[in-house]
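Number of protein chains: 4
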Amino acid sequence: MNITEIYNHVRRQSEEICSLLNTEDYVPQPVNFVSPPKWHLAHSSWFFEEFLLKKHLPDYKIYDEDFCFLFNSYYNTVGNRSFRAERGHITRPTVAQVYDYRNYVDMHIQLLLQLKDLQIHELVELGINHEQQHQELLLTDIKYILGCNPIFPVYDENINWENQQNSDSGFLTFSEGIYEVGHNGDGFSFDNEHGRHKIYLEEFEISQSLITNAEYLEFIEAGGYSNFNYWLDEGWAWVNENEIKAPLYWHKIDNEWHMFTMAGIQKVDPEAIVTHISFYEAAAFAEWKDMRLPTEFEWEAASFKLDWGKRWEWTNSAYLPYPNFKKAKGAIGEYNGKFMINQMVLRGASCATAKHHSRSTYRNFFHPNERWQFTGIRLAKK
Amino acid sequence: MNITEIYNHVRRQSEEICSLLNTEDYVPQPVNFVSPPKWHLAHSSWFFEEFLLKKHLPDYKIYDEDFCFLFNSYYNTVGNRSFRAERGHITRPTVAQVYDYRNYVDMHIQLLLQLKDLQIHELVELGINHEQQHQELLLTDIKYILGCNPIFPVYDENINWENQQNSDSGFLTFSEGIYEVGHNGDGFSFDNEHGRHKIYLEEFEISQSLITNAEYLEFIEAGGYSNFNYWLDEGWAWVNENEIKAPLYWHKIDNEWHMFTMAGIQKVDPEAIVTHISFYEAAAFAEWKDMRLPTEFEWEAASFKLDWGKRWEWTNSAYLPYPNFKKAKGAIGEYNGKFMINQMVLRGASCATAKHHSRSTYRNFFHPNERWQFTGIRLAKK
Amino acid sequence: MNITEIYNHVRRQSEEICSLLNTEDYVPQPVNFVSPPKWHLAHSSWFFEEFLLKKHLPDYKIYDEDFCFLFNSYYNTVGNRSFRAERGHITRPTVAQVYDYRNYVDMHIQLLLQLKDLQIHELVELGINHEQQHQELLLTDIKYILGCNPIFPVYDENINWENQQNSDSGFLTFSEGIYEVGHNGDGFSFDNEHGRHKIYLEEFEISQSLITNAEYLEFIEAGGYSNFNYWLDEGWAWVNENEIKAPLYWHKIDNEWHMFTMAGIQKVDPEAIVTHISFYEAAAFAEWKDMRLPTEFEWEAASFKLDWGKRWEWTNSAYLPYPNFKKAKGAIGEYNGKFMINQMVLRGASCATAKHHSRSTYRNFFHPNERWQFTGIRLAKK
Amino acid sequence: MNITEIYNHVRRQSEEICSLLNTEDYVPQPVNFVSPPKWHLAHSSWFFEEFLLKKHLPDYKIYDEDFCFLFNSYYNTVGNRSFRAERGHITRPTVAQVYDYRNYVDMHIQLLLQLKDLQIHELVELGINHEQQHQELLLTDIKYILGCNPIFPVYDENINWENQQNSDSGFLTFSEGIYEVGHNGDGFSFDNEHGRHKIYLEEFEISQSLITNAEYLEFIEAGGYSNFNYWLDEGWAWVNENEIKAPLYWHKIDNEWHMFTMAGIQKVDPEAIVTHISFYEAAAFAEWKDMRLPTEFEWEAASFKLDWGKRWEWTNSAYLPYPNFKKAKGAIGEYNGKFMINQMVLRGASCATAKHHSRSTYRNFFHPNERWQFTGIRLAKK
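Protein chains in written order, with my numbering: chain A, 5 to 386; chain B, 5 to 386; chain C, 5 to 386; chain D, 5 to 386.
In case anyone wonders, no lab produced these hints; they're calculated from the structure.
Since copy identity is lost for identical chains, a pair holds within one copy or between any two.
Taking lysine-lysine pairs in the BS3-like style, the calculated list, with each CA pair at most 30 angstroms apart, reads:
1. Lys-330 with Lys-202
2. Lys-333 with Lys-293
3. Lys-309 with Lys-202
4. Lys-386 with Lys-309
5. Lys-249 with Lys-330
All chains, please: the whole structure from these sequences, using the hints.
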C-alpha cells in the first residue's frame, strides 16, 4: 500500500471501532485518564490539521477555530486547550459534526499527499501512528465507559480478547554481556526509542509465557492483596485506599469471580492470560512468586525469542531518556519527552494494539497504578 | 382539564423542553447538583412506576428492573441507587429507550386513572407536581450543561428570560402583629408548607421590585466582591476559594460584561432583573445596601401585594419544619423532611417554573452557595 | 467584686485551666476547629491589647508587633491573620513568652481600669466574657488533643463531668400564645441576643431531663446508626463518610463501650447524661423516639422551669439574626453576625462553661456535625 | 574508636542537634514528610530496642509497650503503627520522657555490646547508620518547622551552610565503555547499593561545580518558572498548582530575594550554591541550559574526581533495584526495597549529612517534588 492507501485504511479503522457505538456512548469521560470516543475521533483529525494542513497545504482554510481549542490534547505550544477533566461535558460539536470534520480533513490530506514532499510524508506517517495509538485508547476507553455502567453493556459479542491463552511455556536463559538496544532507524519509530546503544546485562532468565488467571487466582486466594510483604510501599497504600481486591473489571457475583469483557460479563476463564493489572499488582505478584519483572533491556534482548502481542508487559524500568535523546523543537517535541517521570515502561503490544503498530524496540509507558489498558505479567529471575 | 388531561399535558411539556436538544446533550452531568436530561426524563417516569403502577395497578409488569436501580434519586427506602456523581457516565439505556419507557409508563397510568380511586388521584397529583419540579431542573440543568461549553451553544433563541424587567417599584410597609402562614389545605400542596399557623412579626418594609443588573453592577464596581465587611464568614470563604467576581454565567469579554442566556451569549442588560445569585451574594448585596433580606414569613405576609414569578427570591429563613410537621411513612416521607438542614428558603417562582406550579405558601430551598437556578434579590428593611 | 477584681479572677482561671498541662500539650492543633492552648492564652490577651490598650491607654507600647499577626483569630478588619489551619506549627513564641505577654497585658489593663471610663468598662466586660468563652474552648480543646493520643492521658482525675446525672424527670406542657424572647438589657449580653421581641408558639411539651447514656445505648443497639430513616440526608452522609457508630470519644474495648473523659478512659456510665453528640445525632435520636428537638424559642420560654447547665442543648433553630439585629461598626461587629449561616443554636450551658457566663437568653451555635463540645439532647413533643 | 565509642558518639550527636531547641519545637509535624524532633529521637531509639534489645539481650524488659506503637515508622512487620500524619498531635510522652527512654536504651546497648557477637555488631552498625540518617532529617525537619513560622526564628546563628561555595569549575570528560558500579563489600553499606556490577556508558561530560544562586536567578529572571517548554509535564502541573516561583525558603521582601537559613532570614547570596531544589526544578534548569542531569552511574563513575558533600545532587536515574538485589527477610527487608518506585536517586551528601555517613556508592532517593533536603544541581552534557 502506498501512503495514501495506508492513511485511508487507518482512518477507516478508527471509524470502524466506533461503528458499534450509540451516539450516547461517544460522550462521557468517567475519569480523567479516559477520553470520550468523540474526542478521540476529533483530536486525531486535529493533529493532521494542526501539524500538516495549516502549515503545508497552500490556501488551507481551518475547519472551525473552536475545534483547535476543544481538541488539542496536551500541546502547550499550540495554544489554549480545554481542561482535560472537562472533555465529557462538551456536547457540541455533535458526533455527526465530528464525522464531517474528519471527512474535511481526509479530503485535504489527499490533496496534500499529492505534493509528494518527503517531510510531509514523514509527518503523515507520524500522524498515522498517532491515530493508531488513539485506536487502542478508543478501545480501552470504550471498555471503561461501558464497564462503569452497572448493567454491563456488550461492545461486541464476537471479540474474545480476554480469553486469549499462551502458546509457549518455560524459561529462556540469556548470558551476561553487552547487548544493543534501541531502534536502528529502519522504518518508522518514535523519538523515545531512538539512539541504538550498548548496555551490559548480567545473566538472566525470562519466562516464555504470561501469567494466567489461574495463577493470579492463586495469588488472590493466598491472601496476596492483604499481605503488605509483597507490595511496594506506594502499592500497599494504593491497595488500601482503593480497596483493591482483584484486577480491574473483576466482580464477585454469587461468590464466583466474573470479569467484564468487550463481549459483556462472563466467568473468569482460568486458562486465559490475566489482564488489567497495575504495575503495583505485577510487582507484588512477582515478589510472591519469589521472582521479579524483567527490565526493558532484558525484554528487548530476549524479544526475538518471545511470542508476544497479547498484553502490554510491565517491566521494572522507569520511563527515562536514552543516551543522546533530544526533544524535537516545537510542539512535536512535546510528544514523548515531557512524560519521562513517574511512569514505568511496558513492552510488547496488546490484543487492542493496531496491527503493525508496535515493534521490539517500542516503549509504552503508564503510571504504576494504571490498569485500564490490556496489561499483563511476564516474569524473570536471577 | 381532568386529571388524565393534566397528566398528559404535563408529561408532554417535559418532552417539549427536550425537543431542542441533540442526543449528546442528554448525557453529561458536569457537576453533582446537575443531572443529565435523560436522567430527569427517566426518573420522573420511575416515580410514577414505583409509587403508583407497582403498588396499585393489578398485574403491572415492571418495564426493566435495571431502571429502578438507575433512576431512583434519593429514596433510600426503595433500594440501592446508583451514585449521584455517576449519572453522567451511564450511556445505556439510550435516549430513545428512555422515551420508550416514558410511553410505557404513560400508557399504564391512563389505565390506572380509570380506576377513579381517590388515593391514586392524590398520588398522581404528587407525581405531576414532582414532574413539574423536574421540568424546572431540566431547564436549569440544560443551561448549565450548555454553559460549560466554551463555544456557548444556543438552547432557544426565542427565550428572553434573562431580560425580564420589574413592573413595580417602591417599598410596602406592614405593621407589627400576628399573621398566619402555611397552606390552608385547599388544592395541592407539599408537606413542608402544611400546618397553617400564627406567627408574630415586627413592623417591616419590603421592596416591590427585585434588584436589577444595573444595581448589582454598582455593587461589583464598588468592590463588593473584595470587601469582607459585606459577607458572611462562609460566604467570604466561598468567594475567595472559588474566585467569584460576578453572578454565575457572567463573563467579561473585551472588558465588557456579558452573560450566557438560554438564547446564547449577550451583553448584560442593565434594566433586566439580576439572576443566578447565591444566598451569599444576596446577603452581601443587602448588607452593602444597609438593608436585609426578608424572612420567609414576612414574604408570605406581603405576598398578596407582590408581583412575582420571575426569580426565586432568597429569604433569610433557614429551611426548617413548621409546627406539627410530620414526615409521611415510607419513601414518600423522604420527599422533603430530610433536607431540613443547611439550606435557605426561597419564595416565589421563576421564569423557568412550570405554570400554576407555585403559590404564595410554596417553600423552595437551596444551599447558600447554589446559584444555577433563576434566583434573585428582594430587599426588606427595619 | 469590682471590675478589676473580676478581670483578675477570670484571667487567673484561664491559667489555672492550663496549670495541669505539660509544655508539649500547649502546642498542637489536631484539627481545624481546635486551637492550641498556647494560642487561646495569647489570643484572649491580644483581644484586650487590640480593642482596649492600643486605643484607650495613652502611650501604650505594643508588646510585640508579630503577636498581632499570630494571635488575631478572625477579625479581618484588624489586619492579616495567620492561617487558622497552621496554628499548631508555630512553636515560637514559647509558652513562657506567652505568659509574659499575659502579665504585660494584665498590668496595663489595671492601669486602664483606673481611668473609670464607662465605654472602657463595657469593652473590658466584653473582653472578660470573650475570655470565658475561650476557657470553655480551652477545656474542650485540651480534651480533644489528649483524646487523639492513643495512650489516652489523664487531664485531671478529680473531674467527673462525664458522670453527671439528671435531677428532674417528666415533661412540662406550655400553652399556645405569645411569648417574649431575647435579652432585656439588664447586665451583660452579646449582640446576637439583643432585641427582646414577641413570638407566637403553638402548644408544646418539653422534657425536664436530658437523654442518658442508657437511653442512647438503646438507640445504638436498635441499629440507629445504620437506619437512614432516622437521619437528615446530610446527617446520613456524615455518618457514612466518617463511619460514625457512637458519640465522640466512645471506644469499644474488649466488646464493651468505654469513653474518654477528662479523667482518662473509663466504662460508659449508663446513668450519666450522654454528651459529645452532634446535631445530626440529636435529630436522629429524636426521630427514633418519635419526638423532636425544641426550637430555641420553646426552650427560652420554658427555661425558667428547667434545671440546666450540664450540657449544651441542641435546638432545632438555625442561628439567624433577631428582628432589628444590627452589626456594630468595625471589628467588634465581626464578633457574631458573620457566623449566622449553616449553624444551629444551642441553649443552656455545659459543665465546662465558666461560672455565671451563660443565661437563659444566651445563644451558642455550632455546625450540625460538630460534637467536641459538651453537647446533649433534650426532647420536645407535639 | 571501637563500636561502643562510635555508638555513644553518634547518639550524643542527635542530642546535640536538639540542644538548641525549646520544648515546643520538638512537637509539630507541619506536613506529612516532616516528623517532630521528639519523634526522631524516640524512633531511632525504638529501632535499637526493636531489632536488638528485644531479640538479643537476655531478660530485656521493654521500656514501654506504648512506645512500640507510637514510634515505629513504617515497619509493617513489627505491628500496628500510629498514622504518619498524626505524629504532631501526640504530646505525651513528653520530651523529658523521651530522653529517659534514650538513656534506658543506651544503657542496655552497652550491655549488649559486651556480648561481642558479630551479628549483633552488624545490626548495631545498621542502627548507627539509621540514626545518622535521622540526624540529617532532624536538621532538615527543624529547618522546615522554624521556616513555617512567619516570624522566622534562628536555629543557630553560627551555621552558614546556605552560603557554601564551589571549589572547582569546568567540565570533565569520560570516554565510552564498561564501568563498574555498586558497593564492593568493604565496610558498611546499605542493601540498595549491593551487587557491584558492570554497566556500559556512552561518552559524557560532567560539571565540576554545582549551580549557584546567581545562575539560578538567571533562570528565574529569564521566565523559567512560566515557560512550560523547560518542564516535565508533571513538573509543570506542580509549578502551577503550588504557584512555585523560586526554591523553597526563598521570599521576596521589599522586592529583593531573601532566603530562610539555619541562621535566620538573609539576602540570597549570589556566590553560594543553590539549594532546596526539587527534581522538577533541577530538570527544568538543565533543559533551559540545553544540558541534562547525569545518571547515577555517570555520577558514580566520575565521583573520584568530584568534590562533593555540600548538596545532595539530583540524578536522572529512577530509584530501582540493582541486579541480584534481594530484600532481607523480615522487618529489616522493609528498609529500602519497598520504596523503589516513583523516586529519583540523589548522589553525594549534603552539609547536613553526618560525617563519614555517605560514600560514592550511596544511593539517596526522594520524590521529584520534594525539596526540603539540602539538594542541588550538577549538570552533564553529551
